[in-house]
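Participant: Sequence:
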Amino acid sequence: MSDPKPDLPKASPLRPIPNFIFASRWLQLPLYIGLIAAQGVYVFHFLVELLHLIEAVFGSQTALQALVTSIGYKTDAPITSLNETVIMLVVLALIDVVMISNLLIMVIVGGYETFVSRMNLQGHRDQPEWLSHVNASVLKVKLATAIIGISSIHLLKTFINAANYSEQVLIAQTVIHITFLFSALAIAYTDKIMSGIAASSQKH
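For the sequence shown, the tail end lands on 211 under my numbering, and the numbers increase by one without skipping.
Source of the hints: derived by calculation from the structure; they are not laboratory data. All residues carry an ideal CB built from backbone N, CA and C; glycine is no exception. Be aware that a few hints might be false.
[To be verified] Simulated DEER-style distance windows between Cβ atoms: (1) Ser124 - Ala179: 13 to 23 Å; (2) Ala169 - Asn26: 39 to 49 Å; (3) His131 - Leu177: 16 to 26 Å; (4) Thr82 - Leu38: 17 to 27 Å; (5) Thr181 - Ala84: 42 to 52 Å; (6) Ser202 - Ser77: 37 to 47 Å; (7) Thr181 - Ile40: 18 to 28 Å; (8) Thr69 - Ser124: 21 to 31 Å.
[What the hints assert, rightly or not] With a straight-line cut-off of 16 Å between C-alpha atoms, the simulated EDC-like cross-links for lysine to aspartate or glutamate are: (9) Lys147 - Glu91; (10) Lys149 - Glu120; (11) Lys149 - Asp198.
Using the sequences provided together with the hints, build the complete structure.
Facilitator: And the structure:
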């Protein structure tokens, strides 16, 4: 016969002012809804670019010129068909959209779970693995890592299309990317130190 579960102590109701302050977290809800709308815009943009790529494969000059304009590719010779550089730049642009979309999901889901309200996804078959141990510190590190990935894609696009950029732009983008990298390392190192301090305090 199983032991009866102990009664958990009931939380005392919050006083009016603390309750009002705590309820103010719901003011963030429109912000996350706005990010969901932005996610929809990115999905639409992805589908438009993908449709242009498919049409260009089948010889559509209108779609090809739309792609060339969107990726900012310029060359002295007229572009009459898809070439490897154009395809690579378009694919990198699509990957860029996907990575930014992933960043939006992390901010929307992780931010809502951390700062607004629990989603109670425990046991759900589609629960993201990273969400099971998310907190403000973990979310900060993941966002920094995602930003580095997005910056890497932008830098790669710039290097592939380097002929259309000045030397100052190439140097500036490289320096910015390195700055993002060092910032992420600093955030991760700070999180490691804080986690160690919290673990040692719990032991004592």
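Participant: Would you mind marking each hint as holding or not holding in the structure?
Facilitator: Here is what the structure says about each hint:
At about 41 Å, the CB distance of Ser124 to Ala179 disagrees with the hint of 13 to 23 Å. The given range of 39 to 49 Å is broken by Ala169 and Asn26, whose C-beta atoms sit roughly 58 Å from each other. Range check, His131 to Leu177: about 46 Å between beta-carbon atoms, so the 16 to 26 Å window is missed. At roughly 42 Å, the beta-carbon separation of Thr82 and Leu38 lies outside the given 17 to 27 Å, and the hint is violated.
Taken as a hint, the range 42 to 52 Å is violated for the pair Thr181 and Ala84, whose Cβ atoms sit roughly 28 Å apart. With their beta carbons about 43 Å apart, Ser202 and Ser77 fall inside the hinted range of 37 to 47 Å. Range check, Thr181 to Ile40: about 37 Å between beta-carbon atoms, so the 18 to 28 Å window is missed. Between Thr69 and Ser124 the beta carbon distance is about 48 Å. The supplied range of 21 to 31 Å is therefore violated.
Using a Cα cut-off of 16 Å, the hinted pair Lys147 and Glu91 is violated, with the two alpha carbons roughly 37 Å apart. Only pairs whose Cα atoms come within 16 Å are accepted, and Lys149 paired with Glu120 is accepted, the gap being roughly 15 Å. Of the pairs offered as hints, the one joining Lys149 and Asp198 holds, with about 12 Å between alpha carbons and a cut-off of 16 Å not exceeded.
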